[in-house]
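Using the sequences and the hints given, assemble the complete structure.
As they're listed, the protein sequences go chains L and Y.
Going by the working numbering, the letters in the first sequence line up with residues 1 to 321, in that order.
Going by the working numbering, the letters in the second sequence line up with residues 1 to 138, in that order.
It is possible that some hints are incorrect.
[What the hints assert, rightly or not] Quick list of the computed label-pair ranges, beta carbon to beta carbon:
no.	chain 1	residue 1	chain 2	residue 2	range
1	Y	K86	L	D204	49 to 57 angstroms
2	Y	K86	L	E212	53 to 61 angstroms
3	Y	K86	L	E284	39 to 47 angstroms
4	Y	D35	L	R49	38 to 46 angstroms
5	Y	I99	L	I270	39 to 47 angstroms
6	L	D204	Y	G112	38 to 46 angstroms
7	Y	K85	L	R293	48 to 56 angstroms
8	Y	A75	L	S267	53 to 61 angstroms
9	Y	K86	L	T93	54 to 62 angstroms
10	Y	G90	L	D204	29 to 37 angstroms
11	Y	V28	L	K183	38 to 46 angstroms
12	L	S267	Y	A137	37 to 45 angstroms
13	L	E284	Y	D104	48 to 56 angstroms
These are computed hints drawn from the structure, not numbers from a lab.
A virtual CB, placed ideally from N, CA and C, is assigned to each residue, including glycine.
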Amino acid sequence: MTRGDRLPPAARAILDGDRRALARVISQVEDQDPAADAVARALYPKTGRAAVIGVTGPLGVGKSSLINLLVGQLRDAGTTVAVVAVDPSSPFTGGSVLGDRIRFERRSDDVGVFFRSMASRGELGGIAARTRQVARLMDAAGFDVVLVETVGSGQVDLAIRDVASTSVVVLVPHLGDEVQTLKAGLFEIADVFCVNKSDLPGADLARKDLAELVSLGAARSAWTPKVVLTSTTQPSGVDALWTAISDHEKFLDTSGRRAVEERRRLSVEIVELVRERVGRDLAERLDHDPDLRGLLDEVVTRKIDPSLAADRLERGPPARR
Amino acid sequence: MGRSVKGAPIRVLIAKPGLDGHDRGAKVVARALRDAGFEVIYAGLRQTPEEIVRAALEEDVDLIGLSILSGAHMALFPKVLALLKKEKAGNIPVFAGGIIPDEDARRLKKAGIRAIFGPGTTLEEIVTTAQRLARPAA
Chain L
1 MTRGDRLPPA ARAILDGDRR ALARVISQVE DQDPAADAVA RALYPKTGRA AVIGVTGPLG
61 VGKSSLINLL VGQLRDAGTT VAVVAVDPSS PFTGGSVLGD RIRFERRSDD VGVFFRSMAS
121 RGELGGIAAR TRQVARLMDA AGFDVVLVET VGSGQVDLAI RDVASTSVVV LVPHLGDEVQ
181 TLKAGLFEIA DVFCVNKSDL PGADLARKDL AELVSLGAAR SAWTPKVVLT STTQPSGVDA
241 LWTAISDHEK FLDTSGRRAV EERRRLSVEI VELVRERVGR DLAERLDHDP DLRGLLDEVV
301 TRKIDPSLAA DRLERGPPAR R
Chain Y
1 MGRSVKGAPI RVLIAKPGLD GHDRGAKVVA RALRDAGFEV IYAGLRQTPE EIVRAALEED
61 VDLIGLSILS GAHMALFPKV LALLKKEKAG NIPVFAGGII PDEDARRLKK AGIRAIFGPG
121 TTLEEIVTTA QRLARPAA
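Here it is, written out as structure tokens:
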């Protein structure tokens, strides 16, 4: 223990490797319990050490199975690893079935690994509103690598790039022709492409399409995304996948991109937090604050349009009563 | 405050200890709990008591549901309870479902399994019991 240490007990426990404490504070962060703020704040200076790797891609491509194999490989090499796996919440009931753990096979006494399932809780973009903060807690707990598995992504679920330093986009053969690879969105965020289920026919064609895609962009960027073939049924390619991820992490350091990207991600995080708080506060006041209700009434009765109402609010909402 | 902590979803682990592969019941219950707003961590088949307890702690669940049809409940359920106690997590309620003879059910309840659902139990009964076990005050 360091001297003169005024850390909150839960923060101290997390730093000391207490996994129960980590699990509990993760729940508090997920629930946006104010009790977690002091802990997260105290831990923040101790973070930034772990490699946060995102694994995204459409549903059913084998993200969870790949993560299981990646974890095995990392553990064999003595690397500690935490996983946060996000699955969708129902927009109707708020409930969810978090099933990524099924693929996870680890010795139950291995303290070098930690797995947490997380519901998206209404957030779009492929992760939950608090996934970034949960990954950060795992970082503080001392894990070398944090793997973030997104929900099965669509073409525009790109939030992972605001959390992870390396994003792996997992695809399978026959997801579409090469025109799909030209489309904006998912294909733009990959630092590494992984063609999983490469034992199926069509894997080589998919690899060729992706190789062509990355070669088209190569002139414009210092990093050319790697394309890796993997299979999880008869495990193959997982070492190549990790090598590709590590290569990108090294590139971030040698090129100076890491600092630039980290700065961008933190800026995004601050903006998101402000948007969330201001939005929540404003929605509440539009409901209850008499002055703001009046403003809303004017919009409802078509006296002013929503944009003008927003202008007025931005200039300075009437003082809170 | 938006989502108050009081209204936070209940997290429940649904797991099948033992070697039988009959997971339909566990899946139906997982689905019903999901529809009731629970966050269900579905751990799946053939879990050892050690794996179940580890999952419960990492996932920080409010509740554990075990399903078994192999007949090994008298060996496996008390093991789960003992491991939870050993980890100072004996306060996490455990309920169970499957083919469990009445006499065994009595003994398991005495040992600390909080509710046991046999064939014919309605999903509604399971959901309300799970809610009561996870949030006794509510």
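Evaluation of the provided hints:
no. : hint                                : in the structure
1   : K86/Y - D204/L: 49 to 57 angstroms  : 52 angstroms, holds
2   : K86/Y - E212/L: 53 to 61 angstroms  : 57 angstroms, holds
3   : K86/Y - E284/L: 39 to 47 angstroms  : 46 angstroms, holds
4   : D35/Y - R49/L: 38 to 46 angstroms   : 41 angstroms, holds
5   : I99/Y - I270/L: 39 to 47 angstroms  : 55 angstroms, violated
6   : D204/L - G112/Y: 38 to 46 angstroms : 56 angstroms, violated
7   : K85/Y - R293/L: 48 to 56 angstroms  : 54 angstroms, holds
8   : A75/Y - S267/L: 53 to 61 angstroms  : 55 angstroms, holds
9   : K86/Y - T93/L: 54 to 62 angstroms   : 35 angstroms, violated
10  : G90/Y - D204/L: 29 to 37 angstroms  : 55 angstroms, violated
11  : V28/Y - K183/L: 38 to 46 angstroms  : 39 angstroms, holds
12  : S267/L - A137/Y: 37 to 45 angstroms : 42 angstroms, holds
13  : E284/L - D104/Y: 48 to 56 angstroms : 53 angstroms, holds
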